[in-house]
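There are 2 protein chains.
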Amino acid sequence: MEKYMEAGATVVQSVRLDDEKDVLIILDQTLLPNEKKFLEIHKIEDLWEAIHSLRVRGAPAIGIAAGYGAYLGIKDCDAATYEELYEAFKKVKTYLGSSRPTAVNLFWALDRMEARLKREEGKAIEQIKTSLREEAEKIRIEDEKVCEAIGNYALSLLEPGWGILTHCNAGTIATAKYGTALAPIYLGHAKGYDFKVYADETRPLLQGARLTAWELKEAGVDVTLICDNMASIVMKEGRIQAVLVGCDRVAANGDVANKIGTSGVAIMAKHYQIPFYVCAPLSTIDMNCSDGEKIHIELRSDEEITSKWYEKPMAPAGVKAYNPCFDVTDHGLITAIITEKGIAYPPYHESLSTMFNK
Amino acid sequence: MEKYMEAGATVVQSVRLDDEKDVLIILDQTLLPNEKKFLEIHKIEDLWEAIHSLRVRGAPAIGIAAGYGAYLGIKDCDAATYEELYEAFKKVKTYLGSSRPTAVNLFWALDRMEARLKREEGKAIEQIKTSLREEAEKIRIEDEKVCEAIGNYALSLLEPGWGILTHCNAGTIATAKYGTALAPIYLGHAKGYDFKVYADETRPLLQGARLTAWELKEAGVDVTLICDNMASIVMKEGRIQAVLVGCDRVAANGDVANKIGTSGVAIMAKHYQIPFYVCAPLSTIDMNCSDGEKIHIELRSDEEITSKWYEKPMAPAGVKAYNPCFDVTDHGLITAIITEKGIAYPPYHESLSTMFNK
Chain E
10 MEKYMEAGAT VVQSVRLDDE KDVLIILDQT LLPNEKKFLE IHKIEDLWEA
60 IHSLRVRGAP AIGIAAGYGA YLGIKDCDAA TYEELYEAFK KVKTYLGSSR
110 PTAVNLFWAL DRMEARLKRE EGKAIEQIKT SLREEAEKIR IEDEKVCEAI
160 GNYALSLLEP GWGILTHCNA GTIATAKYGT ALAPIYLGHA KGYDFKVYAD
210 ETRPLLQGAR LTAWELKEAG VDVTLICDNM ASIVMKEGRI QAVLVGCDRV
260 AANGDVANKI GTSGVAIMAK HYQIPFYVCA PLSTIDMNCS DGEKIHIELR
310 SDEEITSKWY EKPMAPAGVK AYNPCFDVTD HGLITAIITE KGIAYPPYHE
360 SLSTMFNK
Chain U
10 MEKYMEAGAT VVQSVRLDDE KDVLIILDQT LLPNEKKFLE IHKIEDLWEA
60 IHSLRVRGAP AIGIAAGYGA YLGIKDCDAA TYEELYEAFK KVKTYLGSSR
110 PTAVNLFWAL DRMEARLKRE EGKAIEQIKT SLREEAEKIR IEDEKVCEAI
160 GNYALSLLEP GWGILTHCNA GTIATAKYGT ALAPIYLGHA KGYDFKVYAD
210 ETRPLLQGAR LTAWELKEAG VDVTLICDNM ASIVMKEGRI QAVLVGCDRV
260 AANGDVANKI GTSGVAIMAK HYQIPFYVCA PLSTIDMNCS DGEKIHIELR
310 SDEEITSKWY EKPMAPAGVK AYNPCFDVTD HGLITAIITE KGIAYPPYHE
360 SLSTMFNK
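Chains E and U supply the protein sequences, listed in that same order.
So for the first sequence, our numbering puts the first residue at 10; every next one is plus one.
So for the second sequence, our numbering puts the first residue at 10; every next one is plus one.
Where hints are given, some of them may not hold.
[Stated by the list, open to error] When the alpha-carbon atoms are kept at most 35 angstroms apart in a straight line, the in silico DSBU-like pairs for lysine-lysine are as follows:
id, chain 1, residue 1, chain 2, residue 2
1, U, Lys45, E, Lys329
2, E, Lys205, U, Lys279
3, E, Lys279, U, Lys329
4, U, Lys46, E, Lys321
5, E, Lys46, U, Lys329
6, U, Lys45, U, Lys30
7, E, Lys154, E, Lys303
8, U, Lys52, E, Lys321
9, U, Lys329, E, Lys329
10, U, Lys303, E, Lys205
11, E, Lys200, E, Lys45
12, E, Lys279, U, Lys279
13, E, Lys200, U, Lys329
14, E, Lys154, E, Lys127
15, E, Lys317, U, Lys321
16, E, Lys329, U, Lys279
17, E, Lys350, U, Lys245
18, E, Lys99, E, Lys52
19, U, Lys245, E, Lys321
20, E, Lys245, U, Lys329
21, U, Lys154, U, Lys205
22, U, Lys303, E, Lys329
23, E, Lys321, U, Lys317
24, E, Lys303, E, Lys329
25, E, Lys52, U, Lys303
26, U, Lys350, U, Lys367
27, E, Lys154, E, Lys30
28, U, Lys205, E, Lys245
29, U, Lys46, U, Lys100
30, U, Lys205, U, Lys367
31, E, Lys154, E, Lys100
32, E, Lys46, E, Lys321
33, U, Lys303, U, Lys317
34, E, Lys46, U, Lys245
35, U, Lys303, E, Lys279
36, E, Lys138, E, Lys45
[Claimed, not checked] With the C-beta cut set under 10 angstroms, the calculated list includes, among others, these residues of chain E facing chain U:
id, residue
37, Thr211
38, Leu215
39, Asn238
40, Ser241
For the record, the hints were derived by calculation from the structure and aren't laboratory data.
Backbone N, C-alpha and C fix where the C-beta goes; we use that ideal spot for every residue, glycine too.
Next up, chain E with everything else stripped away, as it sits in the complex (with noise of 0.2 angstroms):
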């Protein structure tokens, strides 16, 4: 344990609460990967303008944010009595929740901040704003137990010096430490496992290039990005031995649907015999969607592919563009799903059920 929380102070994280000045601190993902460069928040204005602009992105560090800023939005408030905190808190609500209508974690956050709200009625003022900064604080802490377990477990499958593949990000930055996917990586770091990490650039937005290769090359372990159409030379030369990757939602059967790419990682790593491996929290997994079949699949825009982050367009102008966010990646593809309660293994609808039991 020691270890790890000497890799802890390696570890980039994304949102956190500076406890002497009372302020946030948000790392701003903007400008990654050429600057490093955290904000300090002390309004909820400028957090708002950090959640719309996407400085804070990753639905876990986009919930903490949120819960910070619950706290932050009503702290200095002159509130004499309970109801006009609770008005104010409801207002604060209100406006962060306009930040990113669409972000799940930030209403599931107010909400809990709320609800804690809700239970401090009576006790004093300055007790209750304390009581919600615990709050936030808990939320940020649970996210972090749940990265580290979720690593500790995966580590478990993982020996020193292997080669790991991983797409997209899921890593510290996007959480409250650690990430998912990432979270052995760093752990086994600090225990010296000496991992090579390939990382796919993933394209069209390029989240391996900017993100998870800063957040990995910051932490000091040994990353090489490469483009997404290398990930089968790079196995087939045996550099990887094992394929770690995120997940958005996890289906009752074991489909898992992730970045755009991530299927066919999959299958090329089942042909080269190599360990696929999804690390899901148990709050992507939903139980009431039986198959990937199920999952809705976003299309976003052409112009994320034929001209975003170029000097020139690099497609012809009116040229047809198929841009899927997403895609499913069959459950019989997968190894096993590394949740914070354990390793499922197949078949998938039993195992992953066993877990909300334990």
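Chain U: place on chain E using the hints.
Below, chain U without anything else, positioned relative to chain E:
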């Protein structure tokens, strides 16, 4: 055949002689996909620059341009004797050979022009010049015939309305006309086959986005651009009935070296039970190379992945990258290899040999 001729009118030719003006016309491929501009090449200095600056690219197209260049270089010279003409030719050959010293087809074409010149010794100077013009035309016409033959054989494997995935650019602008992998698309298009082509953008150099999408769109073919990591989802969704790719080199056992990412596409095609066809002129088949293990894979600069094309770098400064230019697709993943002499099926060490005896 009439229909092919009609189709011909719409298929871009990147290198040709303008009969009336007796000048070389070259599509400036460095301006693609944003501008379609043909250059009139009057002097070999301009051709040298065009080859050196990759305005002409694609092994066959470079060879064709060099053939015409050898003619352009001597057609206005005032040699009175064969010896004087030969001296002038040698200077032209050495000069053009220095434009891109690694391009095998450049030297192949210049050697062929020199051999023709030698065969003409004793004829009148004007007659010899005409013969060299004729030889340059022959190089172009032969390449077009090869492409057309590959296209017709490949087309026999396809059905109207099919969705076809291709990777990189093995198209008309890299050859005299039609290309290799794209030849059946053009020939089928002229017959009303109504193919739906999906073009992998082909990172890091984006030949699919810049060149394949451009030339197919230019010819009126229904083309959709995707990121390389979207090949799996378009296959899974039933959009693809065949994969067609070109190749750089084929080993005697049928292993194929082609643009990085090709082997991954082949693995996915096999997983989804979609036929995977390689279009290969006999000139790319090396029966002295026993298998793909013997093929050297060129590594290119990290910068192509981390910063090329972008407004600003999209990966952290100093991060490692791995940038192999080609990969080898195992013969076991290839449904058939299509040459100008016919279609080779497994076992390839037998079927490829027979192609050379036709």
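Status of the hints after comparison with the structure:
1. U/Lys45 to E/Lys329: holds, 19 angstroms
2. E/Lys205 to U/Lys279: holds, 29 angstroms
3. E/Lys279 to U/Lys329: holds, 26 angstroms
4. U/Lys46 to E/Lys321: holds, 17 angstroms
5. E/Lys46 to U/Lys329: holds, 22 angstroms
6. U/Lys45 to U/Lys30: holds, 21 angstroms
7. E/Lys154 to E/Lys303: holds, 30 angstroms
8. U/Lys52 to E/Lys321: Holds, at roughly 31 angstroms.
9. U/Lys329 to E/Lys329: holds, 34 angstroms
10. U/Lys303 to E/Lys205: This hinted pair holds, its Cα atoms lying about 26 angstroms apart.
11. E/Lys200 to E/Lys45: holds, 26 angstroms
12. E/Lys279 to U/Lys279: holds, 12 angstroms
13. E/Lys200 to U/Lys329: Given pair E/Lys200, U/Lys329 holds - Cα atoms ~23 angstroms apart, limit 35 angstroms.
14. E/Lys154 to E/Lys127: Holds, at about 26 angstroms.
15. E/Lys317 to U/Lys321: OK: E/Lys317 and U/Lys321 at ~12 angstroms, within 35 angstroms.
16. E/Lys329 to U/Lys279: Between E/Lys329 and U/Lys279 the Cα gap is close to 26 angstroms, so the pair holds against 35 angstroms.
17. E/Lys350 to U/Lys245: The hint holds at about 32 angstroms.
18. E/Lys99 to E/Lys52: holds, 16 angstroms
19. U/Lys245 to E/Lys321: With Cα atoms ~32 angstroms apart, U/Lys245 and E/Lys321 stay inside 35 angstroms; holds.
20. E/Lys245 to U/Lys329: Holds - the C-alpha atoms of U/Lys329 and E/Lys245 are around 20 angstroms apart, at most 35 angstroms.
21. U/Lys154 to U/Lys205: holds, 25 angstroms
22. U/Lys303 to E/Lys329: violated, 39 angstroms
23. E/Lys321 to U/Lys317: holds, 12 angstroms
24. E/Lys303 to E/Lys329: holds, 27 angstroms
25. E/Lys52 to U/Lys303: Status violated; Cα separation ~63 angstroms.
26. U/Lys350 to U/Lys367: Holds, at roughly 7 angstroms.
27. E/Lys154 to E/Lys30: holds, 25 angstroms
28. U/Lys205 to E/Lys245: holds, 31 angstroms
29. U/Lys46 to U/Lys100: holds, 30 angstroms
30. U/Lys205 to U/Lys367: holds, 33 angstroms
31. E/Lys154 to E/Lys100: holds, 31 angstroms
32. E/Lys46 to E/Lys321: holds, 28 angstroms
33. U/Lys303 to U/Lys317: holds, 30 angstroms
34. E/Lys46 to U/Lys245: violated, 41 angstroms
35. U/Lys303 to E/Lys279: holds, 25 angstroms
36. E/Lys138 to E/Lys45: holds, 32 angstroms
37. Thr211: holds, 7 angstroms
38. Leu215: holds, 5 angstroms
39. Asn238: holds, 3 angstroms
40. Ser241: Since chain U brings a Cβ to about 4 angstroms from E/Ser241, closer than 10 angstroms, the hint holds.
When held up to the earlier numbered hints, the structure conflicts with 22, 25, 34 and fits the remainder.
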